[in-house]
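Once you've looked at the hints, dock chains L, D and E against the given chain V.
Same order as they appear, the protein sequences are chains V, L, D and E.
Take the first sequence: its letter number 200 is residue 200 in the numbering used here, and every next letter is one higher.
Take the second sequence: its letter number 302 is residue 302 in the numbering used here, and every next letter is one higher.
Take the third sequence: its letter number 178 is residue 178 in the numbering used here, and every next letter is one higher.
Take the fourth sequence: its letter number 193 is residue 193 in the numbering used here, and every next letter is one higher.
These are calculated hints, taken from the structure and not from any lab test.
One or more hints might be untrue.
Heads up, the list lumps identical chains together, so a pair's fine if it works in one copy or across two of them.
[Unchecked claim] The calculated lysine to aspartate or glutamate pairs, modelled on EDC-like cross-linking and capped at a C-alpha distance of 16 Å, are:
#, residue 1, residue 2
1, K34, D70
2, K278, E4
3, K309, E258
4, K309, E62
5, K309, D171
6, K34, D315
7, K197, E184
8, K71, E184
9, K192, D159
10, K71, E108
11, K278, D96
12, K34, E258
13, K69, E92
14, K197, E258
15, K197, D171
16, K34, E62
17, K34, E108
Protein chains: 4
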Amino acid sequence: MFGELFRVVTFGESHGPAMGCVIDGCPAGLLLAKADIERELRRRRPGQGGASTARNETDEPEILSGVFKDKTLGTPIAIVVRNADHHSADYENLRDLYRPGHADRTWEDKYGIRDHRGGGRSSGRETLCRVAAGAVAKVLLTGYGIAIRAWVSSIAGLDMPEPEAPDFDFDEIERNPFRVPGREGAERALAKIAALKAEGDSAGGIVSCAVTGVPPGLGEPVFDKLDARLAAAILSLGACKGVEFGAGFAAARSRGSENNDIPVLAEGGAGRLSLSFKTNNAGGILGGISSGQRLEFKAAFKPTPSISKPQQTADRGGAVREMIIQGRHDVCVVPRAVPVVEAMTALVLADFVLLQRAARLV
Amino acid sequence: MFGELFRVVTFGESHGPAMGCVIDGCPAGLLLAKADIERELRRRRPGQGGASTARNETDEPEILSGVFKDKTLGTPIAIVVRNADHHSADYENLRDLYRPGHADRTWEDKYGIRDHRGGGRSSGRETLCRVAAGAVAKVLLTGYGIAIRAWVSSIAGLDMPEPEAPDFDFDEIERNPFRVPGREGAERALAKIAALKAEGDSAGGIVSCAVTGVPPGLGEPVFDKLDARLAAAILSLGACKGVEFGAGFAAARSRGSENNDIPVLAEGGAGRLSLSFKTNNAGGILGGISSGQRLEFKAAFKPTPSISKPQQTADRGGAVREMIIQGRHDVCVVPRAVPVVEAMTALVLADFVLLQRAARLV
Amino acid sequence: MFGELFRVVTFGESHGPAMGCVIDGCPAGLLLAKADIERELRRRRPGQGGASTARNETDEPEILSGVFKDKTLGTPIAIVVRNADHHSADYENLRDLYRPGHADRTWEDKYGIRDHRGGGRSSGRETLCRVAAGAVAKVLLTGYGIAIRAWVSSIAGLDMPEPEAPDFDFDEIERNPFRVPGREGAERALAKIAALKAEGDSAGGIVSCAVTGVPPGLGEPVFDKLDARLAAAILSLGACKGVEFGAGFAAARSRGSENNDIPVLAEGGAGRLSLSFKTNNAGGILGGISSGQRLEFKAAFKPTPSISKPQQTADRGGAVREMIIQGRHDVCVVPRAVPVVEAMTALVLADFVLLQRAARLV
Amino acid sequence: MFGELFRVVTFGESHGPAMGCVIDGCPAGLLLAKADIERELRRRRPGQGGASTARNETDEPEILSGVFKDKTLGTPIAIVVRNADHHSADYENLRDLYRPGHADRTWEDKYGIRDHRGGGRSSGRETLCRVAAGAVAKVLLTGYGIAIRAWVSSIAGLDMPEPEAPDFDFDEIERNPFRVPGREGAERALAKIAALKAEGDSAGGIVSCAVTGVPPGLGEPVFDKLDARLAAAILSLGACKGVEFGAGFAAARSRGSENNDIPVLAEGGAGRLSLSFKTNNAGGILGGISSGQRLEFKAAFKPTPSISKPQQTADRGGAVREMIIQGRHDVCVVPRAVPVVEAMTALVLADFVLLQRAARLV
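The shape of chain V in the complex, shown without the other chains:
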């Protein structure tokens, strides 16, 4: 379960009958169409380029509750997506083998039982439910003028231009299969990914995220800081191994006189003062609370563990064996992680927008 007021539960195993989510706490009266969910699911769908698996699912969402005549009722919104394209037989040899870099063994350690078909619930397919729920959160946030934009800023070791760079192109992101911000980078990525595919290897990358329109004051000041909750949200994605806000790890090597963001101009607006700063090393968060600057963070994703090269592994009995992973797998999952990062960010922000209503007397 995720969230305090805008709460989400997801369910479903990769090769079970269906995946889905229930959103509890979405305010009543929100205009919500099925197309809002389909659009985001389409962005996550596999088969969008050389980087991705060929699994062919339509991923058609069905809204079971909580919406009446395209308006939210305030009641739980259940969304279900059927699992259509099972190749469970591909996974038969995994019943007693633990794939390197996968959660097969830890899952079994935890529960004493696992659904070995396609990773079961630990499959990346689980993120589909997050994207569906995040689509609802995005609709809510749009009404508050909050816009979330993520992209691939590094793929297979190739760094892409930063938002401040002249060749950074926001519109290019959804045009190329790698979701990199600029055509030149997309071409470099294509070549690199193709080479890795030929070798039977895989790649990781970094997703950057920028959020505009975040009002100052979001985030709880001690344990539930805005960055703490975002970090948990992003690191709850299976392949994510790190997250940093603003200057992030580079801040650890800078001086206070360099890292402090200095106000240059104070602007009014709606009766309240809003500051502008020379820099945004803070990534839009001070003391765990949004400052009104652009929210900025980066997330590191490890390379897909499923590679077609032979690998050494262990079986249930403890014997070390060689295995070759079959089935369809992404060479690089990172471009498909972009809508998922956006979805998780949306869920966190929707929750804080609602929580903030209770923080002070009106």
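Quick look at chains L, D and E alone, frame taken from chain V:
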């Protein structure tokens, strides 16, 4: 509030009457002495070296409830520490000024009111409560054979030896004021920090953390992954700007064939198989669940924003002004962050140890 | 959302596409068949006697996740039941009218919008999801030797024999459509309900519940007392207006010397002492914690507000009007509340059984 | 822990160093003076009449945090009350004996350890913390025009006049030591309690509560219904054995045509329609949501289990023994339960007032 079963609430403003915490959900029957808490509070106390503020608090904890004849009762454990050494007058000029890099302004945006004396609740002094609560969690974990060890792996841009390096010395960590693992590094740090102090500037750094004895199976598989919860715990520290697990951001630039941890030997033990691996790029976590390997992560801390150099800032009316921050401040907060990182790690692990009891039928 | 460790979310409007629940936190390795759920749903199904509505739904549950080869995986268990038999047109005249005794108006006050068809989410059909989730909890509890038995102890003002009475017959409960404990009472109820039906009126009643096999120690001692949580569970049923434990309201009129349960015999068992008592005025709970005695409580249900007599009501514009409620309605909902009360009791106990594992060191 | 947004934790054993509470989630900017808390604590204090124990504690609260210059900061409010008047020696003989009607044995079953002095945490003294927290909630509610009024409607089997009766006198409630609404009843109660005291026996009673100014729309529609949450709050008081709303158990014996509350007049006000009803059998709650009518409920309290008559009981070894309870005990706890019932009601309503802000878009 923090945690699901091992729950913690903290309270207190830096210059109010007292700070404290309530731990709800600590199991009954645990041997707990006041000295267990004092020892950890002493490690966090200021005035331990050139890096630290000279604020002189005894930080004497009082256990108000939950313990009877040095045994926990299963009831809430309240611990209070009085605030003794107020220099509130140092902060009078901050009533209407927003310090760069501090949460003064965001706090006011959130609540419409703030206690300007010493940062109020956004003060680093709030971490005292976490250390007190973490001390209780540590006692619980010790009974399970879980040991948490953190240190400063980078300070003011100077990198220290890694755990695998020949000059890495665990015992040195608590011997030098910078909590770096090796005498040579401590001397380099001393020189660098002294120079920054002379300039009126400040430094950040990186805290590394390693946990041994973590049983496989801790962590919830989707939203409440072990790394997700740890990330939230660590990023809930005000100065923290990033966290990474195992290979972390470097994993994003590696290949699957390099990054997958390959099992080399399967060892039995207590009737269950435990795997050994050639590497630990995963940092001891797979799919959000502990693997039984050493848990490893790093956290980036920004430089102390309070520097004695004159800085440009803004006041409540919107005017840009120059300010000089008075009061006593750490040149580098990172060595004192070490026990706090350990405390937050202990709180997360204590919670998961209790949660794991409910994950499967016995 | 309901529960702390054994958590349940339900969703669905009466005339929407489907109803359902997600159970998060059910331990792995539990044997769970679809028939376990069907059996309980069948007990709740309408059309079981003169007391009930004629709505004819098959209420076929589909398990979408969390179960693999009839064993729970430890992952969320989603169960969906399609809504088949819509007579939405029956409710067209309710779009702007507020039915007396129904939540039409309060719902609209809360959300500014409502699904007027059959009460939407405030329909009694919502309890179907609770029964499905409770069926899973019952399977868990059976493994611990905990058995829950509810019955109708008063219907339409007719009191039935108490468990201690010679004519109390447990086996009779599921044999007659009113779920009363004894054939003679069933005949009296039949006559009374038939008379009310002829008059176009409705009746309320009292459900009693007894739980055997509850181990001592369940319940949290302050806010989350066993009786507090059970009371919330039972009063979360729309028609319930009161709940009492053991001697209940009668205890308020007794003396301490009468009401105290006096131990008569101390029996060992599994190395622990278990007390017997002369009486059970406490209803098996002392200080919010189960004592090991039989858990006993009663719940009062108001008469069905939907009656076929003409009634005065108000419309959205504020005008007072006369209305006749159409559609199919229970003369008395209480017999169908029996499996629902059992389900809610099972959910509370399953949660406490899991929570108790974390209360003390082993 | 209690509450979702307006959250409360309490701590403290009866004979430990202190009792207290932490309120997390109180909005910033609320005017709160120490006197607001003292006033309510004074109402709960023992020694107020023939019905009460003679324990003489000043119960002086100290606010440790969350308030700055008599305004709430939005941060956790910690309140501590020292335990001053220990007569722990009175309880020495209870170390191995289980008092009838007390939680001694169940507590030990749960935790394997207990503080036997004065009941430890299961002591009625724990309610002091609830009253302190409730005092803060009351201040918040007063700003919303919500007023909570409780009284003793039945004591030692003597029924007092109902709010509609001509001899019901609200002002009398705080004037007499039994908190009954009318002088004549107070005199009857005095005689009855004195007689019980002479016999060494004790009495129970019923507390009624009425809340005016509750806006329509409070309460969550399924599990967290307003009545469900209130029931849990009230039944979390150790001596409470039942609760009923509006017509309560009597509703179970009435017909739909009698029990439905019929609207008689629709009044406008602030742009929204508000209904008046002929009756209030619903107790101001329909479908778990406040209707805008007066909120009404009753709670049954069992007689004080500590009586001075000799009683049969059991010891830790299982032997049945006779015991005489020493120490100071209330003949009837019910008058002192009045401010506690009000406090719990205030906590629930404060939470729902804040939650309601998130229920619909503005």
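Now for the hints, and whether the structure bears them out:
1. In this assembly of identical chains, the alpha carbons of K34 and D70 lie at most 16 Å apart only when taken from the same copy (8 Å versus 33 Å across copies).
2. Taking the closest pair of Cα atoms, K278 and E4 never come within 16 Å of each other, the shortest separation being 35 Å inside a single copy and 39 Å across copies.
3. Taking the shortest Cα distances, K309 and E258 sit within 16 Å of each other only across copies (12 Å), while inside one copy they are farther apart (46 Å).
4. Taking the shortest Cα distances, K309 and E62 never come within 16 Å of each other, neither inside one copy (39 Å) nor across copies (40 Å).
5. When the C-alpha separation of K309 and D171 is checked against a cutoff of 16 Å, the pair qualifies neither within a copy, at 36 Å, nor between copies, at 42 Å.
6. Taking the shortest alpha-carbon separations for K34 and D315, neither the intra-copy value of 44 Å nor the inter-copy value of 32 Å comes in at or below 16 Å.
7. Taking the closest pair of Cα atoms, K197 and E184 never come within 16 Å of each other, the shortest separation being 20 Å inside a single copy and 46 Å across copies.
8. In this assembly of identical chains, K71 and E184 lie within 16 Å of each other by CA distance neither inside one copy nor across copies; the values are 43 Å within and 52 Å between.
9. With identical chains, the CA atoms of K192 and D159 are at most 16 Å apart within one copy only, with a shortest distance of 12 Å there and 32 Å across copies.
10. With identical chains, the CA atoms of K71 and E108 are at most 16 Å apart between copies only, with a shortest distance of 14 Å across copies and 42 Å within one.
11. With identical chains, the CA atoms of K278 and D96 are never at most 16 Å apart, being 57 Å at best within one copy and 21 Å at best between copies.
12. In the homo-oligomer, the alpha carbons of K34 and E258 never lie at most 16 Å apart, since the shortest distance is 48 Å inside one protomer and 42 Å across protomers.
13. In this assembly of identical chains, the alpha carbons of K69 and E92 lie at most 16 Å apart only when taken from different copies (15 Å versus 45 Å within one copy).
14. When the C-alpha separation of K197 and E258 is checked against a cutoff of 16 Å, the pair qualifies only between copies, where the shortest distance is 15 Å, while the shortest distance within a copy is 42 Å.
15. In this homomeric assembly, K197 and D171 never come within 16 Å of each other (Cα to Cα): the closest approach is 27 Å inside a single copy and 46 Å across copies.
16. For a Cα distance limit of 16 Å, the shortest separation of K34 from E62 inside one copy, 8 Å, qualifies, whereas the shortest one across copies, 23 Å, does not.
17. Proximity of K34 to E108 under the C-alpha cut-off of 16 Å is found in neither arrangement, the shortest distances being 37 Å within a copy and 24 Å between copies.
Going down the numbered hints, you'll see the structure goes against 2, 4, 5, 6, 7, 8, 11, 12, 15, 17, while the others check out.
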